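Chains as they are written, first to last, in this note's numbering: chain B, 1 to 108; chain Y, 1001 to 1422.
No lab work stands behind these hints, which were simulated from the structure alone.
Incorrect hints may appear among the rest.
Stated by the list, open to error - Quick look at which bits of chain B chain Y covers, simulated, 3 or more residues with Cβ under 8 Å: (1) 5-19; (2) 23-37; (3) 40-51; (4) 71-80; (5) 89-97.
This structure is a prediction, so every number in the text was calculated from the model and none was measured.
Glycine included, each C-beta is placed from N, C-alpha and C at the ideal position.
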Amino acid sequence: MAQKATQEWELLNPEGVVELAPMSVNPHPSSLVGKTVVLRANGKHNSDHFLEKVLELLGKEVRDIRIIELWKVAPETNTGSQDQEVSKKFAEKIASFKPDLVISAQGD
Amino acid sequence: MTIGTSEFISLAKDTALSQGVADMSFVIVPHPMGMIPLPEIRKKAEDAFPEILKSATQWKAAAKLPAMKPPYPAERFKFKGTVQDVIKLFFEKGWSMGLPIIPPIPERTEEMLKGTKREPDEVIGIVPPRMGVLTVEMVAVHAAMAHCKPEYMPVLIASLEALLTPEANWRGAGTTTGTTAILCIVNGPVVKEIGLAYGQGAAGKGHHANATIGYALNSITYAIGGSKPPSPDKGTLGAASDFVGWVFGENEDALPKGWNSYHVDRGFKRTDNVVTVMAVYPPVDNIDHWSITPEEHVNWWAHLVTPMINMGGPCYPNVLGQPNIIGMGPEHAQTVAGAGWTKSRFAKAFWEQARIPVSAWPKGCTTELLEEKLGPVTPDTLIPITSSPDLFQIVIAGGAGKHSHYFAPFPGCLPVSRLVAE
Chain B
1 MAQKATQEWE LLNPEGVVEL APMSVNPHPS SLVGKTVVLR ANGKHNSDHF LEKVLELLGK
61 EVRDIRIIEL WKVAPETNTG SQDQEVSKKF AEKIASFKPD LVISAQGD
Chain Y
1001 MTIGTSEFIS LAKDTALSQG VADMSFVIVP HPMGMIPLPE IRKKAEDAFP EILKSATQWK
1061 AAAKLPAMKP PYPAERFKFK GTVQDVIKLF FEKGWSMGLP IIPPIPERTE EMLKGTKREP
1121 DEVIGIVPPR MGVLTVEMVA VHAAMAHCKP EYMPVLIASL EALLTPEANW RGAGTTTGTT
1181 AILCIVNGPV VKEIGLAYGQ GAAGKGHHAN ATIGYALNSI TYAIGGSKPP SPDKGTLGAA
1241 SDFVGWVFGE NEDALPKGWN SYHVDRGFKR TDNVVTVMAV YPPVDNIDHW SITPEEHVNW
1301 WAHLVTPMIN MGGPCYPNVL GQPNIIGMGP EHAQTVAGAG WTKSRFAKAF WEQARIPVSA
1361 WPKGCTTELL EEKLGPVTPD TLIPITSSPD LFQIVIAGGA GKHSHYFAPF PGCLPVSRLV
1421 AE
């Protein structure tokens, strides 16, 4: 005898909701002439070498630009940020150089 | 501006969104960046440069965040079908990982909530990387899906509270390319009270409490935390432990005389009920069947486990400061303790012996950060697994058999302990 397996269910959605605190991003400068750019590597293989080439090309392409290789002046930032607290410290370090733009390369 | 590879750009976007950044500037380069020679990486940078330059000065934010909803009560919906249809629906919607679940109907969730005194609308925390809001009700939903019993709820909630601390680095463990799993060790009278396995095969099959708690933890990580492959969970291969985490009680019955239990080592009373969680790599099985003395046994450990177990050395010196957990089988523990050795003595001997030279790591890893931690090094300097022997934490794990299990931590993850409260 066939059994009825179809039924009406009332179910709870297991995904729940998200909580996102809005964070705005600074606008990019309209030109890099005379600006400060921080290059940030994440400690993975080649992320610094990639940015070294970017530095070389920026220097040729843009006049009067100041470029900071963060992994050289703040080697403690040349790693994954791991948690919010460490991320905040890295951000504060970057901000201390008063950059107009930060270019981050995520090697992997 | 973030430059990411084609395989990781979705993770970058998910991460930005989880931090409240609806839109940011990304430049994509073909994967990979790592493990390719210098001329090749320079060519990739050259090819990407026009886009980098354009994005640097022309990018403008466009997207906005979605509207937020209240977390309690959980959304309810009607569905018509068989139980198999429900299981299929949940998988297709990304609410379950692919194994069967028990449909979370209101009655089952309410039954689960009887296992805790916490209010259902209490927010325990925000689960990364998706930033899902975890209420006690949501814990009950996933406990119901995993077929937990109500009496498991306090251990489950304590484990989640521990995972939600910054020290646990739940985000990192849930998004890495590495093969990570949640390790959950339980101590105290609650182990026997809820029938949690702590002896033979405790972390494996056939143990309802262990399996269902492990399943619920990962179910929450998946559906509420959003840790899903291929992104943001970038696990290169993944593992069965993605479905059911490592959950077991310490075998306190098999503690050698004079050895404290793990939770007492961590500062709790023997009568406290404690969970300790940590994100770990797959364990290394020490199959020493021959050593008679502690010295011989340490020698086995030192050849089996090297500082490269989670990068270490010049490649990732941050891991030097992280505890590693040794799930020592009772028979191995007896080999050590039977000769009068304490846990500390074993840890110190292992720490001194398990070292390899700097030169063993690839030349691409520089030594600046390593020297900040250890002082000047040369290619011949021997590097330990951890910066001090007390970072080896020993738990008596399992039953009869000459096996122990070494759990290396995922970088940035510390073991976090919580008292189990009703």
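A quick look at each hint next to the structure:
1. Beta-carbon proximity to chain Y at under 8 Å applies to 15 residues in the segment 5-19 of chain B; the threshold of 3 is reached and the given coverage holds.
2. Counting residues of the segment 23-37 of chain B whose beta carbon lies closer than 8 Å to any beta carbon of chain Y gives 10, which reaches the threshold of three, so the coverage claim holds.
3. As drawn, the segment 40-51 of chain B meets chain Y at 8 residues by the rule of a beta-carbon pair under 8 Å; at three or more, the given contact holds.
4. Look at the segment 71-80 of chain B against chain Y: 5 of its residues bring a Cβ nearer than 8 Å to a Cβ of that chain, three or more, so the hint holds.
5. Given a C-beta distance limit of less than 8 Å, the hint that chain Y covers the segment 89-97 of chain B is violated, as 0 residues qualify and 3 are needed.
Checked against the numbered hints given earlier, this structure breaks only hint 5.
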